[in-house]
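Novice: Sequence lines, in order, name chains Y and G. 1 is the number of the first residue of the first sequence in our numbering; add one for each residue after it. 1 is the number of the first residue of the second sequence in our numbering; add one for each residue after it.
It is worth saying that the hints were derived from the structure and are not from the lab. No residue lacks a Cβ here, since even glycine has one placed at the ideal position from N, Cα and C. Keep in mind that a hint or two might mislead.
Said to hold, decoys possible - Between beta-carbon pairs, the in silico distance windows are:
1. G/N536 x Y/A194: 23 to 31 Å
2. Y/G301 x G/A481: 54 to 62 Å
3. Y/R297 x G/A519: 20 to 28 Å
4. Y/E325 x G/L450: 43 to 51 Å
5. Y/D54 x G/L450: 28 to 36 Å
6. G/N536 x Y/D54: 26 to 34 Å
7. G/L537 x Y/A194: 22 to 30 Å
8. G/L450 x Y/A194: 36 to 44 Å
9. Y/A194 x G/I437: 26 to 34 Å
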Amino acid sequence: MTYITKPQLHHPGLAPNGLGKTRRDYEGSVSTLCAGCGHDSISAAIIQAAYELDLPPHRVAKLSGIGCSSKTPDYFLGASHGFNTVHGRMPSVLTGANLANRDLIYLGVSGDGDSASIGFGQFAHAIRRGVNMTYIVENNGVYGLTKGQFSATSDKGSKSKKGVVNHDSAIDLVSVALQLGATFVARSFSGDKAQLVPLIKAALSHQGAAFIDCISPCIQFNNHAGSTKSFDYVRDHNEAVNTLDFVVPREAIHVDYEPGTNTLVTQHDGSVLNLHKLAEHYDPTDRISAMAYLAGRQAEGEVVTGLLYVDPRATDLHEGLETVETPLNQLTDAQLIPGSAVLAKLNASLR
Amino acid sequence: MQRTSTVGPDYFHKVVDCQWACPAHTPVPEYIRLIADGRYADAYMVNWRSNVFPGILGRTCDRPCEPACRRGRVEDEPVAICRLKRVAADNKTDITAFLPQVAPRNGKTVALVGAGPAALTVARDLAPLGYHVVVYDGDAKAGGMIRRQIPRFRLPEEVIDEEVGYITGLGIDMRLGQRIDSLKDLLTEDYDAVFVGTGAPRGRDLDLPGRKEAAANIHIGIDWLSSVAFEHVDRIGKRVIVLGGGNTAMDCCRTSRRLGGEDVKVIVRSGFEEMKASPWEKEDALHEDIPILNYLVPKEFTHENGRLTGVLFEKVTAQFDEKGRRKLVPSGDPDEHFACDDVLVAVGQENAFPWIERDLGLDFDDWGMPKVDEVTFQSTLPKVFFGGDSAFGPKNIIWAVAQGHDAAISIDRFCQGQDVRDRPPPGTTMVSQKMGIHEWSYDNDVSNDLRHRVPLREKGESLKNVKLEVELGFDLQLGLAEAQRCLNCDVQTVFAEPICIECDACVDICPVDAITFTANGEEADLRTRLSAPALNLTQDLYVSGELKTGRVMVKDEDVCLHCGLCAERCPTGAWDMQQFTLEMTHAGEKPCAR
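Let the hints inform the model, and build the full structure from the sequences given.
Specialist: Next up, the structure:
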């Protein structure tokens with residue numbers, strides 16, 4: 001929590017993007033989270049990604065539920081549409097909004113409580129339906145707002161700040177998302193913006209259900225020895241499978257890696273993901289082996305990060321439903337009520 | 001890069017750009033905070049200690065602090081530091097109780113030649129220590145160029161009387177009206193030391209055809225200004241040409257406008273931009289309907305029957321050679337004649353020492369200037385010291401004050417039999433400003449106001465009276481608003497790497513992208529790899545030792561707003577906001593800060 005608003009004065013060299021906006025134009029109001037909260041770093045990464053993608057803020061809808069993480073949409077993209085839903089219901093509201101207006105870019109922001117406990121079912125169904133969205137879970141493995149109880153993503157055997165050992169199994173949201181058919185799955189760490197920003201950019205450009213599990217240490221309740229979501233633990237056990245350069249189509253692609261060490265993935269919108277392999281034999285387009293790899297490394301206590309899976313031929317909910325290209329909220333009465341002649345013709349075709 | 005050493009005064013002093021730029025190292029942010037707090041007398045005394053003439057400088061200073069002000073790097077204009085000093089002077093209560101106590105006489109007697117800003121500074125520093133200080137000046141009143149050359153509409157006489165009075169009130173033996181005509185004679189009087197602060201009293205002349213014939217209407221600028229100041233002159237012709245582009249020229253033209261000059265022009269050889277006058281003084285002249293014509297080199301004073309009729313000018317253009325040096329070459333256009341009734345020549349000032357005999361062991365250089373040590377201000381005759389314009393040529397009041405302080409230290413050490421080269425270091429302290437989790441003992445909320453204009457007296461009225469002050473000064477509200485623009489650059493961001501957990505909170509919140517965590521490297525390389533490239537090479541980088549991840553924290557101080565958000569967002573207190581105070585140690589003082 002900070003009492004003063006962030007000064008408007010900025011660095012004189014701050015560069016404008018393609019829309020003439022500076023990075024500062026993508027900020028929101030000043031954060032009221034605890035000092036040092038990982039969530040604030042994720043907000044900063046979202047700001048950076050939106051700025052670099054030249055996103056018009058009024059074309060973005062940011063939705064969230066309840067919790068520390070779900071407060072954060074107030075702290076970025078101040079000029080975008082926003083919706084704070086009831087606890088765990090963000091995926092349904094987002095799905096509804098997306099059905100009504102497919103033209104907006106949907107950004108769901110949630111936490112481990114919001115998505116892995118009260119909203120677990122909602123999370124599952126939005127993913128399996130392939131709603132075109134970027135779904136970020138700011139995962140700190142703890143209930144921060146209620147003072148530090150274990151959440152559903154706390155690893156079995158990890159310790160609370162008071163020294164209590166967690167005996168419940170953890171829900172691994174990345175594995176669940178892969179299982180449910182998410183077409184873009186990544187894991188990252190709030191303390192590594194070099195990795196996180198390109199992942200958010202790629203996810204925002206992905207035309208399907210993009211899921212990012214972002215480990216975000218809770219400074220207040222989950223950054224101690226014995227925690228598996230602390231800065232030190234994640235830094236010591238972080239195993240990045242790849243690094244990502246996100247390339248928009250109008251930019252030339254420079255590949256300066258050794259041949260055979262990188263993978264180029266072209267997404268639907270023409271954007272190119274240039275993946276530099278760090279883990280040998282890891283193929284981010286092979287869902288089954290990705291799941292096996294994750295399970296194996298997880299058993300070793302490693303935290304696998306990077307772009308874990310991407311389906312370049314992803315489809316979304318609208319394709320499945322065969323909806324019209326025009327957003328439903330823009331259809332006029334003339335289009336929605338074509339008249340009795342059309343009805344008669346339709347009826348005749350069914351006789 | 002090596003870990004930045006913040007031990008000693010220099011690193012953090014440089015971050016306080018205004019204080020670093022001020023020759024007297026006035027603690028600017030400190031007195032601005034006191035003004036914001038309504039503590040005008042305290043703000044005045046902070047100034048008085050450093051620069052001796054806050055009310056005078058608050059109206060006339062050449063303000064080296066303002067171009068240095070960090071605010072000018074993050075928005076259009078710097079804080080109006082100079083005019084805030086005047087707010088303190090205008091609104092203070094009686095400060096006589098704060099003036100130094102004079103110690104019992106120590107048996108040493110020092111003669112000061114001249115009663116200008118340099119000598120008065122020496123007097124102020126030495127008198128409280130018990131020295132018997134004797135000040136000689138040819139004028140009937142003390143103040144030197146402050147009284148002689150600065151027009152009253154910029155600096156009312158009461159202000160001079162008051163601030164000169166604080167010094168003469170310290171038991172100084174003032175011998176006014178006694179011009180020293182021979183240093184040799186003075187030296188026979190057995191003074192323990194002599195300080196020469198006689199300024200640069202001779203105005204340069206222009207030896208052009210017609211100069212002698214039309215002499216009655218051609219005046220040397222500074223002499224003319226002093227005749228006006230002492231009320232020997234109270235009118236000038238309707239058409240006046242001022243030759244020269246410095247601050248004296250600006251004073252001459254504006255004074256002419258008040259003494260009957262209706263068509264007053266300033267004509268300069270060089271371009272308008274290159275003129276020596278401060279931008280705000282040019283602005284003031286233009287505001288009073290005085291055109292400034294450039295690239296005109298005076299060729300001849302024209303006259304008829306022994307009376308000046310005008311000045312003939314050759315037109316020139318600026319040409320730059322391959323080394324970028326400027327040369328004025330004739331443009332080929334026909335010469336231009338400007339008719340006028342009077343000419344004021346303000347083309348520079350010179351030193352003159354006709355009263356110093358050359359066989360005293362006091363060496364002069366080839367340009368007729370005394371050989372003076374740049375640190376101690378001692379001449380080659382050990383008991384004679386120089387300061388102000390008489391030491392190194394014409395500069396401004398604030399330089400004279402700074403040199404006066406330094407000369408006073410030397411004189412004190414000399415009289416006490418100590419080594420004059422052994423200079424006392426400044427006193428510094430660092431004090432945390434943390435009051436609570438998000439509370440600081442300074443106001444860290446940065447004002448978004450643009451620079452406030454100083455209200456002026458209505459032009460028609462102010463042009464009628466040469467003694468009527470033009471600037472009205474900030475009122476309390478404007479003064480407060482302007483004070484709030486100060487970024488508190490003396491409240492330093494201090495980083496403690498052992499407790500940093502590298503959470504990036506400071507990087508994310510910093511409004512000016514000043515902080516970066518990155519791999520270490522050479523300075524030139526590091527400067528390009530920061531959140532925002534550090535292009536101002538005069539501002540040092542603040543580099544930490546190695547952190548847990550092997551990276552270092554690098555902070556570019558260049559445009560830091562000192563808003564303290566890095567420290568507020570830091571979960572471990574690795575960032576702290578600490579007020580850095582630096583006070584110059586004056587003669588006879590031990591280095592310590594309040």
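Novice: It remains to establish, for every hint, whether it holds in the given structure.
Specialist: Consistency of the hints with the structure:
no. : hint                        : in the structure
1   : G/N536 x Y/A194: 23 to 31 Å : holds (26 Å)
2   : Y/G301 x G/A481: 54 to 62 Å : holds (59 Å)
3   : Y/R297 x G/A519: 20 to 28 Å : holds (27 Å)
4   : Y/E325 x G/L450: 43 to 51 Å : holds (49 Å)
5   : Y/D54 x G/L450: 28 to 36 Å  : holds (30 Å)
6   : G/N536 x Y/D54: 26 to 34 Å  : holds (29 Å)
7   : G/L537 x Y/A194: 22 to 30 Å : holds (27 Å)
8   : G/L450 x Y/A194: 36 to 44 Å : holds (38 Å)
9   : Y/A194 x G/I437: 26 to 34 Å : holds (31 Å)
Checked against the numbered hints above, the structure breaks none of them.
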